[in-house]
Each structure stands twice: as C-alpha cells, then as structure tokens.
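Visitor: Below are the chains, spelled out letter by letter.
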Amino acid sequence: MSRYAIRRLAQAVPIFLGITIITFVLMALVPGDATQVFVDPKVGTIDPEFMQAVRKKWGLDAPLHVQYGRYLLNALRGDLGFSYGTNQAVLDAVLERFPATARLALAALAISAIIGVSTGIFSAAWRGSYFDTAGMVVALFGISMPVFWLGLMLMWFVGVKWPVLPPSGYGQGAVSYLVLPALTLGLAFTASIARVTRSAMLDVINTDYVRTARAKGAHERAVITHHALRNALIPVVTIIGIDFGHLMAGSVIAETVFSWPGIGRLLVDAILQRNLPLVQGSVLFFAVIFMMTNLAVDLAYGFLDPRIRYG
Amino acid sequence: MRAVRTFPIAPAHLRIGAASPGRIVRRRLRRNSSAMIGALIVGVLAAVAMFAPWVSPRDPIQNDLTRALLPPGSPGLLLGSDNLGRDMLSRIVWGSRISLTVGLVVQSGAVTLGTLLGLLAGYYGGRTDDVISALTNVMFAFPRLLFALAVMAVLGASLFNVFIALGIVGWPTVCRLVRGETLSLRAKDFVEAARASGAGDLRIMARHILPNSLGPIVVVATLGVAGAILAEASLSFLGLGTQPPTPSWGSMLSRGRAYIWSAPWLTFYPGLAIFVAILGLNLLGDGLRDALDPRLRH
Amino acid sequence: MVNRFKNRTLLWMLGTLVLIASVGSIPVSGQADAPRYGGTLAKSDLYGDPRTLDPVSAVSLGTHVVAMHIFDGLVKLDERGVVVPEIAERWTISPNGKTYTFYLRRGVLFHDGTEVTAGDFKYQLERVGNPENLSPNMPRLAGVVGLKEFQEKRTGEIIGIKVLDKHTLQISLERPSAVLLNYLTGVWASAVPKRAVERLGKDFAGRPVGSGPFVFESWVRDSQVTLKKFDQYWRTDQSGNRLPYLDKVVFLITREMATVEAAFESGNLDLTIVLDPQYRKYKNHLLYRKYLIEVPELYSRHIGVNMEMTGVPWQDKRVRQALNHAIDRQAIANVVNHGKAYPATGFLPPTMPGHDPALKGYAYDPERAKRLLVEAGFPTGFTVKIISTDSTGTGAPVVEAVMGYLSTLGIRLQLEVLEFGTYRKRQQDGQFEWYAGSYGGESHPLVYLQRAFHSRFAGPAGNFTRYRNQRVDELLDRAAETTDTNRMINLIRQAERIIVDEAPWWFSTYNKAVVVSQPYVRGLKRIPQEMGYQPLEEIWFAWPPKRR
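Residue numbers (this note's numbering), protein chains in the order written: chain D, 2 to 312; chain G, 488 to 785; chain L, 1224 to 1771.
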C-alpha cells in the first residue's frame, strides 16, 4: 500500500510542474501590471518612475523563462516568494488563510455526509414512500441551486430578517459564524451524496451477496450496516473525490458572499490584483490539497472494498 | 461532473429482440415522469430563447431613468424594473438566449475537443495516452472556476471569451469519460472483428467506438450545459463574466447584488431563472442516464 | 385626610417631573452631551484589507483608514482642509519660504513607552526617501535638499532634514513649496520608532508600533483589524479629558455592501459608509435617517477624452463643450447615483479650499449642444468607443445613462466594460478614445489640479487625457512656489477657468460621501477628503451598544 502511495506521489511531480508553468504563462498574459497592487481604485494614480523602480526590484523586466527559472529554484528551497504589496511571505499568507477554508469545507462535508448518507439510506430503505420522493426532490433542488443565490437568501432570511445567526464574517472563529456558509456550501453536496447513497444502497440491497446474508438469517439492520453500507460508501467516497473540485469552486463563491477570509477569496483577489507570487503559491496549495484528497479517496477505496488492493 | 456508469449497447447485428436501442431509450424516458418534467422545462426554455423577440414585452436594453427600481407588480412591469429602468421580465427572457447559447456553445466545444482527445488517448494508448492523460490530470488539479477566472482576466470579460474560458475548462471531463469508454470498447470482439476485416483506425473509431459511447457522452453533455450556465453566472458574480448591457442572467445577478436588500427582485428573478434552467437540465440528464442504463429493472 | 391628599398630589407632581426629565434627556443627534468613556466601535469602510500597516508603504485607502489611528504626524488636516498642529505644536517658515522649523510637543510617547523625538521623524522620512524601501510616497519628498545625494548613496542621510535638538526638526527645500505642509499630513510622514522597525523587520507591516491614539492589537487578514486604546495618548478634549474615549475599535474588512448592510442592521456594526444603491433606503429609513452625515467629497467624476488622438471630432473644443451641455447632470445624480451626488459646476469640488463659487460651469442646454456640434461640422454626430469599469457610481451605469442623452445628438457610444486592473492599464497607456471614471485622493487644490491637467503629469501619473496647455502649466507652476495662500488660490482659479472652458472632460458629479451610524454614536464629523477618515479618538457612545 505504501509503495502505491509513493508511486502516486512520484507521479504528482510532473503535474505540479505543469501547473506552475501554466499558471505562470497565464499570469504573464494577463494585461495590467503587477504594480497594480499599489494603485487604489478610488485614489488611483501612480508615478511612472516608481513603477519602473518596482519592476526592477521584482525582476519583472527579465525574460519570462528567466523569471520562471528563478521562481522554481526558490520554490525548491521552500521559498515561495513574497506577496506583492504586502511583503508577507506567500507561504505564510496561504497558511494563514487555510484554516478558515478548511473549517468551512470540513463543516460542509460533515453536514452533507451526515444528512446526505442518512437521507440516502432511509430513502433506499423506504423506497417509494413519501419520504423517498420528498427527499429526492429536495436533493434535486439542492444540486440545482446556485450557491450565491442560496447564500444571499439564507443571509437575508436567517441573518437579517429574523436574526438568528450572524449574517456574515468570520467572527474570531465562533461556531455561529460558520453555520450559514457551511449550510450554503454543504447543500449541493448533501444532495449529491443523498442521491448517490440511495442508488448505491438500492443496488447493493438487491444483490445476491446481500440476499445470501439475509437468507443466512442475519438481522435486517446488520445486513444494512455491515454489508450494504460498506459497499455503498464506495460511490460516496467517489463523489467526494470527484466533486471536490465543485466544493472548492463553491467555497470561492461562499467565501465571497459571506466575507469568509479563506483561500478561495485570496486567490480571486490575487488574480485580480496580478499578484503573481501569491497566485502561484495558492494554486500550488490547491493542487496539493487536491492530490492529497485523491490519494485519500483511493486509499479509502482500498479500505472499503477488500477486493481492491494496490501493489 | 458526477460519476457516470457506462454500459455499452451492443451494435445492431448482435442485438436480440425487436426494438432498436434508440426506441428503448425513448420509451424508458417517456415513462420516467421527472425526466419528462425536465424535458418540458428545457423545451420551454429553448422556445423562449428562440422566440425571445416575440415573447419579450419590451426592449431589454432600453433605459428609462424615470422608472428605475420599481417593484414587481408595478404597471407594465411584471417582475419590476432594474436600476436603469429596464424591464426585468424582458431582460430575463432575452437572458435565456444568452444562457442557453453559453451552455450549448461551451459544451459543443468541450465535447468535441474532449471526445477527440479521449478517442485518441484510449485507442492508441502508449505515448499519446501518456501525454493526453498527463494534460488531463494537470487540468483536473486546477480549481476549475478559478482557472476560468484567470483565462477571463487574460482575454478580457466578454460573452465570446466566456465561451473560450469555459470550453477550456470543460473538455477534460469529457476526455476522461471517452477515454475510459474507448479503452473498454477497444478490447471487445466486434472491434477485433472489424480490424480483422481490414477497417482502418479512423473507421473503427468513427463507426464502432464512437456510436457506442454516445449514450454517456449525451448524459455528460446535458449535465455539462447546466454546469456551463452556472459557471457563467459564477464568473459574472466574481466580476469577470459577460458585461452589461448584455442581459445575461449572470451579469444581472452581479449588477443587482448591490441592491440585494433594497430591491431584491434584481437578484431574485435571475437567480430563479438559473435555478429552473439547471433543474430542468439535471432532470433531463438524470432521466437520460437512467434510460440508457440496461441494468435498470422496472 | 388632607395630608394624604397632599402627599399623593406631591407624588404625582414629582412623578410627572421625573417623566418629563427623562423624556427630555433621550439623546437626539446633535445635542451636546458630556462624552462618556468606554465601548468597542465596530466600523466598516468597504476598502478591503489594509495589506500593510507600515507608513512607508501606505498608499491605499484601506491602509490609511486603519494606520491613521496608529500613527501621528507633525501636522494633520482638520475637516475644513486646513493644516493644523499635531505632534508639532507650532512651526515657522523662513522669509524665503525654503526652511520649515517644527517645534515638537514634549512628553508624547510611542506605544512602547519611549518618547517621540525629532529624530524619529527624520528616521521615517529617510525610510521613505530610501529607494530600497520602494515607497510609493517617495515623490512627495521631491525638492528636499540632499535627497538626491542620499538616494544615490553619496551621503548616509538627507542633509536637508536636520534634528536641531530633541524636540526641534528643520526641513530645507530647494525652492519654496505651497504643498509641503499638506504633504506632511499624510500617514507616510508619521513618527515611527526605529527600535521597533529594526526589531521586527518585515513583520513591522503586520505589527505596527506608533504614537497614535490606538494601539495595534490583532489583524486577521481579510477579516478584521482590532485596535485598543492607548492609555497614555497625549491629546485631550476641550474639557481636559484624555482621548480616546473608546476602549477598542474593530475594523470589519469586506468589499460587499450586502454584508455590511446586514451587519449594520443587525446591530453588529456601528458605523459605515453608504454606497449609492443604499442611499435612498437610509435616507428614508424611519430610524437611521436622523443618523446620516453627508458632505460633498473631494472626488470628481467625469468622462475624459483622449487629447492625443488626431483627426477625431473631439479635438475641436466646441465638440467637447457640446458634450458638457448635452447631459443633464442633475438627472444622472438623481437616478444613477440615487441622489447621492452633486452635479459638477467647475472642476474643484465645493468643499475644496479654493473652490470658486462664481464659476458656473455648463448648464444643461441640449439646443446649445446641437448648435455647437453643427458649428464644429458634425451635424449627424459620430461614433466613439468608451471604456469604463463596472462600478455602480462611476462606471457602466453612468455611461448607459449618458448614452441616451448623446444619442439624440447623433453621438453613438460603444461601451467596453473592463475589470479594474485592465481599465487602469488602458488609461495609463493611453489606449482609449474616451473613458468614464473618477478622480480624487488629493486634499490640496493645487495638487488636485496638477495631477489631472498639468503636462508634467500627462500619461500614467494622473493626467490620463494627456491635456497640455502652456498657460495652465505656467499658472500652476507659479502657484506651486508661493507660500501666500490667497495668491495661490487666485492663480489656481485662473487655471481652473481655462480648463473648464477647454473641457478636456465632461465634468459629471462630485460624490456625496455619506456615513450612517447607530443612534448612540457621537462625535462624527463631515470630512470632505474622505468620510472614512473619521478621527476615532473623538468618537464616543451615548449608551452601550447591544450586540447580537
């Protein structure tokens, strides 16, 4: 199993390289200077000599491949550069914002896993009942609802009209601030998981494997939990792996709507400000998270389905 | 994109039974009521988009500064007016054109490119597969919305560039799917038979592999249209999508955000429209997927 | 029996008196109460994360609104735009106008307990002048004796900045300047403790130490900044009470007005700027309309034309004047800005010192506009491309509204909406025909005029239209070198008249800066330079806020 993990990590290296190159080229093509960070949209002007001095200091006048090479060499030493305009180390800036996004994503995942899986199981168990139909309809709504719309409506109704929860912000990390963004983000996921769990459970419940277990006299609940559930979790884990991209994209929107200080928002701002080192650092970070999630998902497969083994 | 189970439908000369696969699919589809609802929604959407000039009560880009921000139900303004006095209903009707166009164009591009690359990768294997797979993996490792955002920043925010940005971001999903299909189909008997009878690579790909992958491709494409509509709205929300005065639902949402508490109808209706469109497409896509699944028992 | 009756009446009278007294003491905005100590103010400005709190790099509004409370300078601006003493209690200017001597207060302390001396100002000014620090404020030191030699490393210090003794600082200039004092009010020229900078290095930008009314406590990037009261702040109010009154200040960082509105109306925010879309709502709000403060801000919105393009219709002055006559500014202010703007008369906003009330500007006169266009030879109009951002107050919505007016003259606008970074780049490079935007950020009328219309600033430095007029340059240059305020104002008014007549801009509106606060907030001022620059050390709560 560990050899597999190591092989996967080795395969990741060219992917990271590819990512940095693409990011670099993309940012180089974006019109507008990196010196934008010094221009405030309301105040607005900047002296040309200053711009020249800045470009010189940041090495922006060197040809692209030289800039890229320098970046790569530094990155290998663990130095991801300094964010333009704030002079904060990129690694620090990213790590500082990561916990906020992590809390949001994990909370959303937790909510969606718990609600989604249980809804899926019960829908499958009571197939055809009102619960089933209602559940699946709500699930479908959930997948189709745009995150920003849901977020704004939740913010208005739950945060302002009937002030039950704080409408936005991070609030020094208090849990009450986490609820609305996590719900918004989690809803689409909940829906996905519920649907997939349900169909996976339906499949598994009817297989010979489970019928045999039942025929052997195993208790209905034992049948469901031990045999069916374990195999049904495989597609759920798949969803988490595949839809993770959606989760990340959704977190960008949720972070924007609720003013949540996470990495998604950091990256959007960095792109709009042409803050190249920060963009590179954040993208790399996202890629690392993505890879690790994929690896975790694959390893989870191995755990859940004894038939799959990695050599 | 969600996981799609893929099952090949046997080619005509190997089929037992009377009905052709197309007819089976359509029959199943018709029996599935939620899929029919989805089809209805999509149908209405398409009709509204096509006949927008006749359906829309007023000109969507005509300012009327004296009638700005009127709430829904004001005379002649069923859904209210926006901050420059434009009729929301007309804008939403015309917006359906933009959104559907975005969805269709982006998906056509993504599907074409993705299918092509997927076929090549799956069929030829080896180096070709390595390169294409590596590229696909790199694309997957990028947070897709943000990649599209960066591309929009490079190209400049406009409807046409949205096509390009979302197309670039959309092809890997299709590619991966088609590659998987091609790999599993390549080893089948009928392909061997075709090759033995002297058919060239291109012919095999076009006449044997591709038609059998069509099912899953259609499902992914349908769901992808929904995804593209949502992505365009998200890009506009973040500031780099279509720009005014183009009445796309996404740019309406983005412009109306500042008025969310004082004139909520500016964001509510475009959001609702997006929701309904995506809902319809999801229903239809799900129905298609179920209809194409030979294992489904009634 | 009679006694009991009398007692009851007395009781009733007393009760009524108490009732009247308590009703009378319900605070109404504007009433002069005695300030109370205590409370945490939650404020939001919509300018986004400060990004840095080091005065050397201070350029954005987000930085300024926070840093101005952590740091104090030699002088500052009061709400009329006049330079008044801060740490320097008085100053003298030599007869030739080239030497300024500042006499500092004694006993002013930094947050780390050490005393502020003239040397601390010299230290900071040299930091700004040092090219290694890449300070965007470096150009403000232009003209100080010895600056060039310092920057070229021929000397280890700026000779023109002299520490005469612990509490006396002298600055020598190569020629007299009308704007030095104004420049020195900026956050970049604050007193900065050398020990702290050397100890913290790069971290100083994230953990600043100054001598201002509030001490830095914490900063969760992109979320909030918290400052707490400096117990040993030197300033007192008119009654001798030590400032600040508040215990803490929390800056909520966001760019989303929806978020701010929600926070404000749920009672979690005490003070915020109001944007155009929300203005009507608060103006008509049953509770909050009494707690709005409005002032014409120092921001001129406009459409600028590219004066460097040849062979285009707007090279003819009459076309530009027609543009100014053709559009109804008041209607735009009412509808597009929802009433939150003042129609422009000349160029300088009404709250700018030196504003000329006699300058009437262009009236809305579509007939005249048509005549001018015909005279210039464009009876059927022309087509022109215009760029803008998506901003509700100055961008696309304004252009869309203007399109209507201009189309009646046959002028067809083709709008290209750009994201801010790209838009700014196009302006800087001169890659546009017309642009719609706003201009501001300077509190001195001379600098305000120079940056926009002096040929020296033509190009990326601020004069995007690349307007060049020798007479205007002459007038502004002469104004720059006089220390006689009246003479300076006279000269700039002459320049303004020429500029308005030549109309390189469509002079649109001035922003109406509006701030709304909760009923218990006192001490707010009308600050035309930027309403976000409320001096928080003078703010207090009439009663404690109820947070949810």
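Bear in mind the hints are in silico, worked out from the structure with no lab data behind them. Backbone N, C-alpha and C define an ideal beta-carbon position, used for all residues, glycine too. Careful: at least some of the hints might be erroneous.
[As the list claims (entries may be wrong)] For lysine-lysine, the following BS3-like pairs were computed, each having C-alpha atoms within a straight-line distance of at most 30 angstroms:
no., chain 1, residue 1, chain 2, residue 2
1, L, Lys1371, L, Lys1389
2, D, Lys58, L, Lys1451
3, L, Lys1425, D, Lys58
4, D, Lys58, L, Lys1376
5, L, Lys1540, L, Lys1513
6, D, Lys58, L, Lys1345
7, D, Lys57, L, Lys1417
8, L, Lys1451, L, Lys1425
9, L, Lys1748, D, Lys57
10, L, Lys1451, D, Lys57
11, L, Lys1371, D, Lys162
12, L, Lys1425, D, Lys162
13, L, Lys1389, D, Lys162
14, D, Lys57, L, Lys1389
15, D, Lys58, L, Lys1471
16, L, Lys1471, L, Lys1417
17, L, Lys1345, D, Lys57
[As the list claims (entries may be wrong)] Example chain D residues on the side facing chain G (calculated, C-beta under 10 angstroms, incomplete):
no., residue
18, Ser3
19, Ile7
20, Met28
21, Leu141
22, Phe142
23, Ile144
24, Met146
25, Trp150
26, Leu155
27, Lys217
28, Ala250
29, Gly251
30, Met292
[Stated by the list, open to error] For each label pair, taking beta carbons as the anchor points, the in silico distance ranges come out as:
no., chain 1, residue 1, chain 2, residue 2, range
31, L, Thr1708, D, Val176, 21 to 31 angstroms
32, G, Thr553, L, Arg1313, 52 to 62 angstroms
33, D, Leu30, L, Arg1313, 53 to 63 angstroms
34, G, Pro698, L, Thr1631, 22 to 32 angstroms
35, G, Pro544, D, His66, 29 to 39 angstroms
36, D, Leu77, L, Arg1430, 25 to 35 angstroms
37, G, Gly560, L, Leu1510, 42 to 52 angstroms
38, G, Asp546, L, Gln1553, 49 to 59 angstroms
39, D, Pro64, L, His1508, 52 to 62 angstroms
40, G, Glu679, D, Asp299, 30 to 40 angstroms
Visitor: With the threshold set at 30 angstroms, check whether the alpha-carbon distance from L/Lys1345 to D/Lys57 stays at or below it.
Guide: holds (27 angstroms)
Visitor: Grab the minimum C-beta distance from D/Ile7 to chain G and call the hint holds if it beats 10 angstroms, violated otherwise.
Guide: Violated. Min distance 18 angstroms.
Visitor: Taking the CB of G/Pro544 and the CB of D/His66, does the distance hold inside 29 to 39 angstroms?
Guide: violated (57 angstroms)
Visitor: For the restraint on D/Met28, tell me whether the closest CB of chain G is nearer than 10 angstroms.
Guide: holds (7 angstroms)
Visitor: Are D/Trp150 and chain G close enough, Cβ to Cβ, to be under 10 angstroms, as the hint says?
Guide: Holds. Min distance 4 angstroms.
Visitor: Would the stated hint for D/Leu155 survive a check requiring a Cβ distance to chain G of less than 10 angstroms?
Guide: Status violated, d = 12 angstroms.
Visitor: For the hint 53 to 63 angstroms, verify it against the beta carbon of D/Leu30 and that of L/Arg1313.
Guide: For L/Arg1313 against D/Leu30, whose Cβ atoms are near 56 angstroms apart, the range 53 to 63 angstroms holds.
Visitor: Are the Cα atoms of D/Lys58 and L/Lys1345 separated by 30 angstroms or less?
Guide: This hinted pair holds, its Cα atoms lying about 25 angstroms apart.
Visitor: State, for the Cβ atoms of G/Gly560 and L/Leu1510, whether the hinted interval 42 to 52 angstroms holds or is violated.
Guide: Cβ of G/Gly560 to Cβ of L/Leu1510: about 27 angstroms, so the range 42 to 52 angstroms is violated.
Visitor: Per the hint of 49 to 59 angstroms, is the separation of the Cβ atoms of G/Asp546 and L/Gln1553 within bounds?
Guide: violated (26 angstroms)
Visitor: Within 22 to 32 angstroms: is that where the Cβ-Cβ distance between G/Pro698 and L/Thr1631 falls?
Guide: This hint is violated: roughly 59 angstroms between Cβ atoms.
Visitor: Does the hinted range 52 to 62 angstroms hold for D/Pro64 and L/His1508 at CB?
Guide: holds (58 angstroms)
When each numbered hint is compared with the structure, violations occur for hints 2, 5, 9, 10, 11, 12, 13, 14, 15, 18, 19, 26, 27, 31, 34, 35, 37 and 38.
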